[in-house]
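**Q** Each chain, letter by letter, is given below.
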Amino acid sequence: MNEPVIYELSAPGREGVKLPHLDVPASDLPTELLREELPLPEVSEIDVVRHFLRLSQQNYAIDKGMYPLGSCTMKFNPKINEVTARLPGFTSIHPLQYTNTAQGALYLMYTVQEYLKEVGGFAGVTVQPAAGAQGELAGVLMMHKYHLDRGDTQRDTILVPDSAHGTNPATTSMSGLRVVQIPSDARGNVDLDALQSQICERVVGLMITNPNTLGLFEEQIEAVVKMIHDCGGLVYGDGANMNALMGVMRPGDVGIDVMHFNLHKTFSTPHGGGGPGCGPVGVAEHLVDYLPGPVVTIDLQLSEEDAPFFNFYQPAKSIGPLTGFWGHFGILVRAYTYMRMLGAEGMKEAAEHAVLNANYLRSQVKDVYKVSHDRLCKHEFVAEGHFDAAPDVRALDIAKRLIDHGVHPPTNYFPLIVPEALMIEPTETESKQSIDNYAAILRAIATEATDNPELLHAAPHNTPVRRLDEVSAARDPILRYQHA
Amino acid sequence: MVYLPHTDAERRQMLQAIGVETIAALFEDVPERYRYPALDLPDPLSELEALQELRYLSDINLDAIQSPMFLGAGAYRHWVPSVVDYVISRGEFATAYTPYQPEVSQGTLQAIFEYQSMICDLTGMDVANASHYDGATATAEAVIQAYNVFRKKRKKVMISAAVHPHYREVVRTYTQGLEVEIIGDEKERPISELLELVDDQTACVILQTPNFLGELEDLASLADEVHTRGQDARKADRHTLLVVVTNPISLGLLKPPGDYGADIVVGEGQPLGLGLNFGGPYLGIYATREEYVRELAGRLIGKAVDVEGKEGFVMTLTTREQHIRRARATSNICTNQGLMALAATVYMAALGKHGLRQVAELNYHKAHYAADRIDALKGFSVARAKPFFNEFVVRCPVGVSELNRYLLEDVADVEIIGGYDLSRAYPQRRNQMLVAVTEMNSQAEIDMLVDALAAYRSN
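Protein chains in written order, with numbering that gives the first Met the number 0: chain A, 0 to 483; chain B, 0 to 458.
Bound-form chain B, shown alone (with noise of 0.2 Å):
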């Protein structure tokens, strides 16, 4: 009986009051024939041996603690600070629910109210919410904004191949029942091509920098391009709208989307001080311009003022949302990830303005110098026609996944975790491999790579 705090004699003195003899008579009105199904479970474990199994089934896994690693692809391995994971273990934050009383909730309700201002600071926005679930359901909600946004009458929706192939998977099941048509990413393009399909039906734009790719795309003049192009023919303030997806831990270092005039900013915050976890729970990054905040999915925090005058939070614009307004809520999102936005406002405060431009150059040295050493390579070239800044594409000589498996096991003394295989998600893209480095690779381990795959040649 584990977790459960009564004895004999409680239960029934409880069941007395009650007035019934026996717990399963509590069940009396499950039909007879389906209760107490006999369950095909393992035994229980006790605390020492459940950590026991658990410790062995960690230790199966190949993690980066114990392996150089230059995979990144929408997740990126990145140092976080120790005060970070003692802040979320309070259990006052971790086993708090939804900040519904706030006068019992100001912690939560004030650490996103931060949150919400960081971001804001970070992307250059107006507004962000409470965050989303990951980056690729921000940038689902994102369409359904601007779909909501002209009312349900634009339908199309412009999509670059060069944002996350999954992000795009997401968007397709977030849209399947709605009368969206997403289009644009069916081949690799400029954007000044992908800009020529934009036009008075397009609801949005949605671009990535850095993108899949890890280049940088140049972003200047392209909002007023996407808006005069997407403009409403009797309604001049009424535009395509300009999502950007984007790294976090890169605005640290570069201009943010909205002073190029993005019109709605996503993007994945796992590397705001979120460890790897093997795809989650992570972040979504959402921000928006003001004019735009009514028809924003998700919760905001904003500041209230109580009865004696004193300035508290309290989740505000609440008839955007399902529990108030159902069926014509923005959407149906309920939560937002409470813990994981505490996370990444630790990891903010904590790194604070000089230390995310640190974070962000040491990622932006570190890869170039990885880039050079490898493009310096025989057989191997680096793609340079854009900047990048922490990923970039190596061209190689043989397939990614025979020279990950080489890397991985055949490398003495060392399993080196590979970069991505782009051939995954583009197929004309054979033998290029994505490489991320972050400053969590050491010069020592970025030369080990960059020897390893000097050697693969010579083999």
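Just chain A, same shape as in the assembly (with noise of 0.2 Å):
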């Protein structure tokens, strides 16, 4: 049965929650500029308990089982992440109060961030960036600013390889850049001569994921790295794959200049159903003067035995601040929490699981499902969504019978150089027997595609709804509740 949207739950006259009654004496409103209707719904507490909690029963989510997607890394997100982000002197401190008032924060804030440093081998680390977008963002403007400091003016283009998540070419453009793609070779790296071809003084830098989209390592990068530098270019790194190299390789040590983290992938925060993420930035030293301020530093140390004060700084050159305040505080109490939990040994066996089950899976279908490269994988591998025996049948039937087996789908359709991509990151969290049983319905699927196609084709047949018309409703958008 279908939740009923909550406005039609409304009954004219009925309050929900009560708030205190007025305690001083009123004043006089602006009668000109008040408003004569609200039309928001009239409810009581329980009606929105129970609509929310059935809503919340319509979803599947990392707490009910595997959820595979790829480039996500939907790993479990430990309970006591969510105790320790939801104590008083965290939830109740304002941004704008006094930093001497605000130690405790300021303390983890710098904390991440020297960790973030250590993790990654960078310089220098703003935690401030919202979301893995706005690091991308961060990082290209920094990219583009150092540059033009130099007199380096008429750099203008960034290279994006093929494999790359829409991020990066909307990250360009949105800084005003130009994006120049360059495809990857037969062993899914970046094409060195294609690479070689597109290199001139025009370049501000190149954005690489690694392992890039495909689950690969990128074999080249020392190479790759090497070239961006010869022609003057920077190297951004996209993080988003981090969690096959916490602790196994740090970026900043192959030569990346710049790349953000994205602490709802790889350090366990939870992902909210699209949001808050998280995304800071790490740089080399010759960008550290560039972060979006502020940046968390140590004012004053008297001497050793003294506590250290931790102030808000601003760098020198900042391409300016990314956000109303310091950034998704909030989150940083989260991902502080799971770091110190682990310390370096734990994210370096968080890394080698997350590679362990990708490949283990990898193991227990490839024979099933054609899977793009023949080659050890990392985080994540991409097996290809159709068979010889069952011609019609694509990776999206495939996608929607495994919602019928009560497990969620892997990313489908990208990245885009695969056809009827299926991308599968079952991340370090999932037991053996969560991937067997995940290999095993792909298994059962691969049966019934040839067996009986239409199954797959009339998938999800148990959800709450089935197969939606996204064409009309695009065409005719009905963006909200409409009033009667």
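Because the hints were derived from the structure by calculation, they are not lab data.
Keeping only pairs whose Cα atoms sit at most 20 Å apart, straight-line, the calculated EDC-like set for lysine to aspartate or glutamate is:
no.	chain 1	residue 1	chain 2	residue 2
1	A	Lys225	B	Glu31
2	B	Lys309	A	Asp475
3	A	Lys347	B	Glu9
4	B	Lys254	A	Asp27
5	A	Lys347	B	Glu31
6	A	Lys347	B	Asp28
7	A	Lys78	B	Glu52
8	A	Lys17	B	Glu360
9	A	Lys347	B	Glu20
10	A	Lys347	B	Asp7
11	A	Lys347	B	Glu46
12	A	Lys347	B	Asp39
13	A	Lys144	B	Glu178
14	A	Lys431	B	Asp7
15	B	Lys309	A	Glu2
16	A	Lys78	B	Glu46
17	B	Lys309	A	Glu469
18	A	Lys144	B	Glu168
19	B	Lys385	A	Glu31
20	A	Lys347	B	Asp42
21	A	Lys347	B	Glu27
22	A	Lys17	B	Asp84
Build the complex: two chains, separate frames, hints provided.
**A** Put into structure tokens, the structure is as follows:
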């Protein structure tokens, strides 16, 4: 049964939660500025609880089962993170209160910066960016400003591999720069010849995801970095796939000049149905002065014995602030908690097991599903969702049929360079049983595809709604509740 | 080994299935000299120890539960009904991803549809998106939308100096690579004077009400003036866009910007049931008119019908977005503030039509009570040239940082968190404190502040 839209539960005059009485004398209201009506719903508290609880039951979530969306790193979100993020000294402090009254918060921000510097091999980190995409924007703006400050004003081009996330080219456009796409080679790496052919003095830099979205480590990463640096360009690392390398390799060591981390992927903070994320950015020494401000620094330490004093600091050539205040502090508390519980060894083990799980799942299905490249993968791999014996079955059908079997589908139709892509990232927190179960379902669906393809075309069968007509929805969009 | 479920036996079976001896062998494509760096990080903690450490860090901060707070300036302490955290704590909402598979995401999708509907109702606009990161980035996205509406031909953006100073900075960060010229906020000036600068090269005008100083701007007939001055010479229906930044709680009481003819309404959604959280995560409210929906950035949820004719919800008009359109997308935004938008939806539902009005009135009356009492103190005066909502400017006999230090340290039995020092953003506004009062400030707290200020005079 569909849950009504909350407006449909409304009854004129019904009141929700109670507010305190006015305990001061009332003043005159500015009558000419007052609104006449406010058409919000009128429901009771129990209506609200039941409505949203019933809505929640229509969602799939990590807490329900395996959610192997490629490049999204749907790992377990530890529950202690939610407890620490709700401590009153974090939730009830104001971003503009004096820093001497928020030293615990600033210490936490500073320490997250320091840990990420260490994990990424960077000289500086800002925790301000609100999401990975905003981290990218920060990175590209910094790279461009760096060149402009050196009088390199002709640079206007960002090179982006064809396997890149859509945010990379979108960020480039938003920064006022030109995108040039670089193809991949037969092993799934950036094609070095194609890259070489685009090298020129117009290059601001390259944006590269490593492991890339095929789940493959860029085997020529050193050569790629050198090629870009030799022409005066900078290398941006898209840290979306850092869960494969945390504690195993530091991108900064390989010469990545700037990279964003996704705390909502690698560092276990919940995705929240599409946010809030958090996208801190790490940079090499030559970009430290360009970081979006403010960053947290140790302001004054009189001697070794004195407690350090933490304060906000504006980097000298900063590209400027990215958010209204200091970014997603509440997410930093969760990520900090996670990092404290893992330590260096735990981080390395997380990455190792993420890669173990992906390779294991790949080994269990690759005789049935074509996998994009015959190499060891990292934290994810891309299978092709089509079968010779069932020519009209598509990746979308497989994805929808997975839902019938009670699990969440992988990312489909991305990366764009693999036909009928199913991009699968199990993450380290899934057990062998859970992965075996997923493999068995994928294998069963491959059999169903040939035996009974209609089962796949019509899937899903048992969900609150079945396949929705997205084309009509976009042609005649209804984007809000229509009041009677 | 925290959060890793495998036993040794399972690990061996898995390695064998893959055909490698060790886990390390899975990383042989990583250049050897970079492999397995020694990381200088502290030893891992157990859950108990981690909680103790985090509690300590939390306790060091001075929070608004222990202390009366009169600080606003874009982030406000409001009462959050218990039901809000109950709903957003549910794993089905918190641990879901972006609703790419609508059949198993109807909960998230319908909740965002309800959010969009409530934001439209609140602002008086046709369309609201699924949210931006915060009020500042929503404002920056409004500038980019206006720039795109005119196909990048109109390059002038007018912004009032009474718009939140941080928002003005973020607008400049976002547009530094574009050929946009941002003017108008070089000095504080009346809106009428600002509007004289609007012409047919102006993409948008950005105003805020209640503005950063807490004042309510009179928007009546203003949209007409912006539209007339900024009309395209050839296309009569093309004109400069009026962008209004607002506080959603104030809209419980005040006429919505849509009624005044605003083209884009943005605002900080934090007051709608989100905690202060030291600045984030917050919620960027964004609403516009139907005619501009194709240039709108960010996620939109729409109604759809399934193969059996049943109604449901999907992400729609996605060809505007980065994962489809890549370099030609309207923005690079990929997420929205999903869980924060859900919190705001639950908040608005729980308070409803009457509750939101009541909250707004409590804010209004308490702020005016505080202003009246402070205004009566010797040496202090309140700027009252324009009406205000829940925040107002107090002219003080001394510097605000000095006064705030006194409120925090020198008042018996209480640490009062005073207002915002306006000289931080407006150097000419020396000795001016921006004081915020919400429903959280009891009469006793307000009186405590007033008495403390009175006592300061006599010191």
